[in-house]
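Trainee: Just so you know, the protein sequences line up as chains A and B, in that order.
Using the working numbering, you'd call the opening residue of the first sequence number 6 and step up by one each time.
Using the working numbering, you'd call the opening residue of the second sequence number 77 and step up by one each time.
Keep in mind the hints are simulated off the structure, nothing from the lab.
There's no promise every hint is true.
[Said to hold, decoys possible] Listed next, the stretches of chain B that the computed footprint assigns to chain A, with coverage defined by at least 3 CB atoms under 8 angstroms from CB atoms of chain A:
{"hint": "1", "segment": "93 to 99"}
{"hint": "2", "segment": "172 to 179"}
{"hint": "3", "segment": "203 to 213"}
{"hint": "4", "segment": "267 to 277"}
[Said to hold, decoys possible] Reference listing, derived: stretches of chain A covered by chain B, where coverage requires no fewer than 3 residues with Cβ under 8 angstroms from a Cβ of chain B:
{"hint": "5", "segment": "11 to 24"}
{"hint": "6", "segment": "39 to 52"}
{"hint": "7", "segment": "85 to 95"}
{"hint": "8", "segment": "111 to 117"}
From the three backbone atoms N, C-alpha and C, an ideal C-beta is built for every residue, glycine too.
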Amino acid sequence: MHEYSVVQSLMQRVEAEALAHKARAVDRITVGLGELSGVDPELLLSAFELFRQMVPLCRNAQLQIREIPAAWRCRVCDTEISKGEVLRCKICQKPAQLACGDEILLDRIELEVP
Amino acid sequence: MCESCGCGDPGLVPVEIHERILASNDERAAHNRQHFAGAGMVAINLMGSPGAGKTAVLETTARRSGEKRLGAMTGDLATERDAERLKAVGIPSVGITTGSACHLDATLVHAALHDAPWNVLDFLFIENVGNLVCPAIYDLGQTANVVALSVTEGVDKPLKYPVMFRVAELVLITKVDLLPHLPGVEMEELYANLAKVTPGPRIIEFSAVSGVGVKEWIRWLEGLATGRSGKAAFIGGASS
Ligand SMILES: Nc1nc2c(ncn2[C@@H]2O[C@H](COP(=O)(O)OP(=O)(O)OP(=O)(O)O)[C@@H](O)[C@H]2O)c(=O)[nH]1
Ligand SMILES: [Mg+2]
Ligand SMILES: [Zn+2]
Ligand SMILES: [Zn+2]
Ligand SMILES: [Zn+2]
Numbered sequence: 006m007h008e009y010s011v012v013q014s015l016m017q018r019v020e021a022e023a024l025a026h027k028a029r030a031v032d033r034i035t036v037g038l039g040e041l042s043g044v045d046p047e048l049l050l051s052a053f054e055l056f057r058q059m060v061p062l063c064r065n066a067q068l069q070i071r072e073i074p075a076a077w078r079c080r081v082c083d084t085e086i087s088k089g090e091v092l093r094c095k096i097c098q099k100p101a102q103l104a105c106g107d108e109i110l111l112d113r114i115e116l117e118v119p
Numbered sequence: 077m078c079e080s081c082g083c084g085d086p087g088l089v090p091v092e093i094h095e096r097i098l099a100s101n102d103e104r105a106a107h108n109r110q111h112f113a114g115a116g117m118v119a120i121n122l123m124g125s126p127g128a129g130k131t132a133v134l135e136t137t138a139r140r141s142g143e144k145r146l147g148a149m150t151g152d153l154a155t156e157r158d159a160e161r162l163k164a165v166g167i168p169s170v171g172i173t174t175g176s177a178c179h180l181d182a183t184l185v186h187a188a189l190h191d192a193p194w195n196v197l198d199f200l201f202i203e204n205v206g207n208l209v210c211p212a213i214y215d216l217g218q219t220a221n222v223v224a225l226s227v228t229e230g231v232d233k234p235l236k237y238p239v240m241f242r243v244a245e246l247v248l249i250t251k252v253d254l255l256p257h258l259p260g261v262e263m264e265e266l267y268a269n270l271a272k273v274t275p276g277p278r279i280i281e282f283s284a285v286s287g288v289g290v291k292e293w294i295r296w297l298e299g300l301a302t303g304r305s306g307k308a309a310f311i312g313g314a315s316s
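Okay, chain A solo, but in the shape it has when bound (with noise of 0.2 angstroms):
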């Protein structure tokens, strides 16, 4: 299960940022998830709940997620492809392209600070 590897990742960027604010705690994280990111929600959030309570500073914290629905474009018109049709442009006939859907990326994090 590739998410424990994602909270990982993402404790050690969250942690050597509160430590450079000199924050007392961290209290949210928000986390944007594309819908083709290839990392589960429900599986991302079990995994920060286990790895939260090894970093000091995030016991208390909450994880926010941000879903992202994927979206395809023709490269060439812009045109937005439907759910489920083939990715190439009906008009221009140019393979289409994710214009947004891949996602997983660490938006914000809220800091309590003395």
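Model the placement of chain B with the ligands on the given structure of chain A, informed by the hints.
Mentor: Relative to the frame of chain A, chain B with the ligands by itself:
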């Protein structure tokens, strides 16, 4: 003062980051890419389900690739069996035992690079851990992603594992010699399903048993070395 939600808590400070969580893997992958470019080698990240025929593809490649200098890294949870199989057909190989990790990452590949048993190569094959999910999300620094999908796995796999097929520059449909025994497998349906999850997919039907597709596969590899192969168009997503 908390600016983002106006909660009024004087001690809450929001910090905007907006960075890929796997940024450190991306950095190491970029470093691997420099290694590959410096050595003039094409690196293939070969992915697919357990038993899809990945090692068989490489064994066949070894027999049919003539003068090309090949090397391999094989990712496996517990054994180095695939590396041994490849050495037996003359491909210098390093096994990467991942323990519990279900995918290779750029750090594992880098470590293997530094104790690799070769000096110069034309093609480095990185056989990933058999898994249709997470190997797709870790950049290794490869030149191209190849996904092996065997005909026995069923034509619906692209729809069930869109993340993997989306990143494929090439889909090798393996074990096609078995098609006469699989009356339920419609190749047209498989092609249609692939077209719904990856734009302009390049597809080669392959068999390690009959030799179908081997020439085409080797030609595709040669095209990568000279920059002619690849997908019908640039692939890549919003943040990749
Ligand atoms: N009929 C037929 N069988 C094949 C072909 N290629 C592989 N096989 C068989 O499929 C099984 C798995 O092949 P491997 O090459 O070990 O597959 P793999 O994807 O490397 O497997 P893992 O590394 O364990 O995930 C073996 O029993 C092979 O003999 C093929 O083209 N035709
Ligand atoms: Mg294998
Ligand atoms: Zn168009
Ligand atoms: Zn994994
Ligand atoms: Zn190095």
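Trainee: How does the coverage statement for the segment 267 to 277 of chain B fare against chain A, requiring three or more residues with Cβ below 8 angstroms from a Cβ of that chain?
Mentor: Since 7 is at least three, the answer is holds.
Trainee: Three or more residues of the segment 39 to 52 of chain A near chain B by CB distance under 8 angstroms?
Mentor: Coverage by chain B holds here, the residue count being 5 at a Cβ distance below 8 angstroms.
Trainee: Can you tell me if the segment 85 to 95 of chain A counts as covered by chain B, using C-beta to C-beta distances under 8 angstroms and a minimum of three residues?
Mentor: Our answer is that it holds, as 5 residues pass the Cβ test (under 8 angstroms) against chain B, meeting three.
Trainee: Can you tell me if the segment 172 to 179 of chain B counts as covered by chain A, using C-beta to C-beta distances under 8 angstroms and a minimum of three residues?
Mentor: holds (count 3)
Trainee: Count the residues of the segment 203 to 213 of chain B whose CB lies closer than 8 angstroms to any CB of chain A, then report whether that count reaches three.
Mentor: holds (count 4)
Trainee: How does the segment 111 to 117 of chain A fare against chain B when you require at least three residues with a CB closer than 8 angstroms, holds or violated?
Mentor: With 7 residues close enough to chain B, the hint holds.
Trainee: At least three residues with a C-beta closer than 8 angstroms to a C-beta of chain B: is that true for the segment 11 to 24 of chain A?
Mentor: With 6 residues closer than 8 angstroms to chain B, the segment 11 to 24 of chain A meets the three-residue bar; holds.
Trainee: If you look at each residue in the segment 93 to 99 of chain B, do at least three have a Cβ nearer than 8 angstroms to any Cβ of chain A?
Mentor: The restraint on the segment 93 to 99 of chain B holds, since 7 of its residues have a Cβ under 8 angstroms from chain A and three suffice.
Figure legend: structure checked against the earlier numbered hints; every hint is met.
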